Amino acid sequence: MWAIDTAISMVDLTTLEGADTAGKVRSLAAKARRPDPDRGEVPKVAAVCVYPDMVATAKAELEGTGVHVASVATAFPSGRSIMAVKLADTRYAVEQGADEIDMVIDRGAFLSGNYGAVFDEIRQVKEACGAAHLKVILETGELATYDNVRRASWLALLAGGDFIKTSTGKVAPAATLPVTHVMLQAVRDWHRQTGELRGVKPAGGIRSTKDAIKYLVAVHEVAGPEWLTADLFRFGASTLLNDLLMQRRTQLDGHYSGPDYVTVD
Amino acid sequence: MSENRIAVAKTYKLYIGGKFPRSESARSYPVTDSKGAFLANAAQGSRKDARDAVSAARKAFAGWSGATAYNRGQVLYRVAEVLEGRREQFAAEVSAAEGIGVKKAQALVDAAIDRWVWYAGWTDKIAAVLGSSNPVAGPYFSFSTPEPTGVVAVLAPQRSSLLGLVSVVAPVIASGNTAVVVTSEDRPLPAITLSEVLATSDLPGGVVNLLTGRTAEIAPWLASHADVNALDLTGAPDALRADLERSAAGTVKRVLRTRAGEDFTAEPDTSRLRAYLETKTVWHPTGV
Numbered sequence: 001m002w003a004i005d006t007a008i009s010m011v012d013l014t015t016l017e018g019a020d021t022a023g024k025v026r027s028l029a030a031k032a033r034r035p036d037p038d039r040g041e042v043p044k045v046a047a048v049c050v051y052p053d054m055v056a057t058a059k060a061e062l063e064g065t066g067v068h069v070a071s072v073a074t075a076f077p078s079g080r081s082i083m084a085v086k087l088a089d090t091r092y093a094v095e096q097g098a099d100e101i102d103m104v105i106d107r108g109a110f111l112s113g114n115y116g117a118v119f120d121e122i123r124q125v126k127e128a129c130g131a132a133h134l135k136v137i138l139e140t141g142e143l144a145t146y147d148n149v150r151r152a153s154w155l156a157l158l159a160g161g162d163f164i165k166t167s168t169g170k171v172a173p174a175a176t177l178p179v180t181h182v183m184l185q186a187v188r189d190w191h192r193q194t195g196e197l198r199g200v201k202p203a204g205g206i207r208s209t210k211d212a213i214k215y216l217v218a219v220h221e222v223a224g225p226e227w228l229t230a231d232l233f234r235f236g237a238s239t240l241l242n243d244l245l246m247q248r249r250t251q252l253d254g255h256y257s258g259p260d261y262v263t264v265d
Numbered sequence: 266m267s268e269n270r271i272a273v274a275k276t277y278k279l280y281i282g283g284k285f286p287r288s289e290s291a292r293s294y295p296v297t298d299s300k301g302a303f304l305a306n307a308a309q310g311s312r313k314d315a316r317d318a319v320s321a322a323r324k325a326f327a328g329w330s331g332a333t334a335y336n337r338g339q340v341l342y343r344v345a346e347v348l349e350g351r352r353e354q355f356a357a358e359v360s361a362a363e364g365i366g367v368k369k370a371q372a373l374v375d376a377a378i379d380r381w382v383w384y385a386g387w388t389d390k391i392a393a394v395l396g397s398s399n400p401v402a403g404p405y406f407s408f409s410t411p412e413p414t415g416v417v418a419v420l421a422p423q424r425s426s427l428l429g430l431v432s433v434v435a436p437v438i439a440s441g442n443t444a445v446v447v448t449s450e451d452r453p454l455p456a457i458t459l460s461e462v463l464a465t466s467d468l469p470g471g472v473v474n475l476l477t478g479r480t481a482e483i484a485p486w487l488a489s490h491a492d493v494n495a496l497d498l499t500g501a502p503d504a505l506r507a508d509l510e511r512s513a514a515g516t517v518k519r520v521l522r523t524r525a526g527e528d529f530t531a532e533p534d535t536s537r538l539r540a541y542l543e544t545k546t547v548w549h550p551t552g553v
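Top line first, the protein sequences correspond to chains A and B.
Here our numbering is used: the first residue of the first sequence is 1, the next is one more, and so on.
Here our numbering is used: the first residue of the second sequence is 266, the next is one more, and so on.
These are calculated hints, taken from the structure and not from any lab test.
Do not rely on the hints blindly, as some may be mistaken.
[Said to hold, decoys possible] Pulled a few chain B residues facing chain A out of the computed Cβ check, cut under 8 Å: (1) 490; (2) 491; (3) 492; (4) 529; (5) 530.
[As the list claims (entries may be wrong)] A few chain A positions that, by computed beta-carbon distances, are all more than 12 Å from chain B: (6) 3; (7) 113; (8) 185; (9) 189; (10) 195; (11) 258; (12) 260.
Please read these numbers as outputs of a predicted model, since none were measured by experiment.
Don't be surprised by glycine CBs; every beta carbon is placed ideally from N, CA and C.
So here's chain A without its partners, still in its complex pose:
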């Protein structure tokens, strides 16, 4: 139960579809505020993650609830655009009220060895964020090796990313346990060297409660118990929340629950 509630409080409830509407974002926000309408004691999720044009809608629904609004930016999900557009994208999302920005790195530049360009880009986006938290999406599914994941993680931490995030969710494989393990090692080492605490967010492909608990164990064992908070660890997910709620009900009711008993989204 503790693990399930902790996992719920770490969810970045996400909708990043071309078909998103204001209505869909509002219903998602309602779910974020009160994940299980029958059970008031269920914790709120950490944040709602949307495209920049939906930030204002989400913000209006979540103002004062403690649930953050996160927005993807910088030509998500490919990151293929010019710097001016990426920065404008970021500033727009922040102006609209986003508390957190999820940026994507230029994988093309990274893979061709142009690490300086990637570093500068993250730097500039971080400046554009102002007070908003910056999560840097590495898109580990395109980075090919664990060495690259480690290098990209370190680059993002050096450049000032508050969180490092595995994937956009648009590329397979998305988050995997080994990749998250490498990234947790990176934030742990960063903490040892600088004393600063930075976060990790696996996103995409985590659908079951069992998976989520495996991740929590990895967080505890690799990074340490102080990372077991929504300020330092998040799940980027859309279907995971329903499974967490169903498992929570199973634990309390003593029998298996079903999708008829949670909201469909």
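With chain A's structure known, arrange chain B on it following the hints.
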């Protein structure tokens, strides 16, 4: 077969979502013939296997219930064709399980195949026979159509290992439901062979899921499972029936309470087909 050859002793697996997984619990139990001689090992399904089977059945429901009745009929008929090809194997297994002569077992297998064909024929007649256009006093065209209930948990008969099994499973899937079946506890081998038949005919994975194991262990989890829509108590142990019904009521399931000692060799009627149907009535304005 030469005299000194050592026979291959089989350890069978479950049938869930069109695949043959081992039990999550890693348990198995020995299956013997009616005289107590060892036949094979069967997987002893657990509550998590039951849960996985329900998920698989739920996943398969949209496709199977959405398929045309004609298509379902063709698929079920195909199953009967494959059953026919395995007649000898079924006869040997039924003979060993039920302790009857091969001739008698053969007759039961033939009856089971005929039973399957009978239900295959019903698929595209259900709507015509059980649906209706209703006379109403108003400017409406009102009509009712039968629709499948959803995921049906079936506790298969304990004694009739093939004919009984076919008689309870075929009517469930003929109308578009998907099934999670707990097979006969002591006589599971014909059911396992049936799962091999289903896997190699055109039936989509997950429409029928077969769990071998202890009925008394698995049944309560299926009866209380919120994602199961109906429960067939045919093979339920007497001591458990009331409890199973009570926990099925907790999530408002349809429960088929069959009388004990049902004779499966008798000509079937449509009662089992009708047990897992919901009626949808549509009122459509006319003459505007």
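Does residue 490 of chain B pass the interface check with chain A, least Cβ-Cβ distance below 8 Å?
4 Å, holds
According to the definition I'm using, a residue is off the interface if its beta carbon is farther than 12 Å from all beta carbons of the partner; does residue 258 of chain A meet that for chain B?
3 Å, violated
Would you assess whether residue 189 of chain A, listed as outside the interface, keeps its beta-carbon beyond 12 Å of every beta-carbon in chain B?
38 Å, holds
Far enough from chain B: is every CB of that chain over 12 Å from the CB of residue 3 of chain A?
18 Å, holds
Per the stated criterion, does the least C-beta distance between residue 195 of chain A and chain B lie above 12 Å, as a non-interface residue requires?
44 Å, holds
Residue 185 of chain A non-interfacial with respect to chain B [C-beta, more than 12 Å]
32 Å, holds
Given as non-interface: residue 260 of chain A, partner chain B, CB spacing beyond 12 Å
Residue 260 of chain A not clear of chain B: closest Cβ-Cβ about 7 Å, inside 12 Å.
Interface hint outcome for residue 492 of chain B [beta carbon to chain A under 8 Å]:
3 Å, holds
Agreement of hint residue 530 of chain B with chain A interface, Cβ distance less than 8 Å:
36 Å, violated
So is residue 113 of chain A really clear of chain B, every C-beta pair being over 12 Å apart?
The assertion about residue 113 of chain A holds, with a minimum of 44 Å to chain B.
Tell me if residue 491 of chain B is really an interface residue toward chain A, meaning its C-beta lies closer than 8 Å to one of theirs.
Check passed: Cβ of residue 491 of chain B comes within 4 Å of chain A, closer than 8 Å.
Does the nearest C-beta of chain A fall within a distance shorter than 8 Å of the C-beta of residue 529 of chain B?
Violated: closest Cβ of chain A sits about 31 Å from residue 529 of chain B, beyond 8 Å.
Hint compliance for this structure: hints 4, 5, 11 and 12 are not met, and every other hint is.
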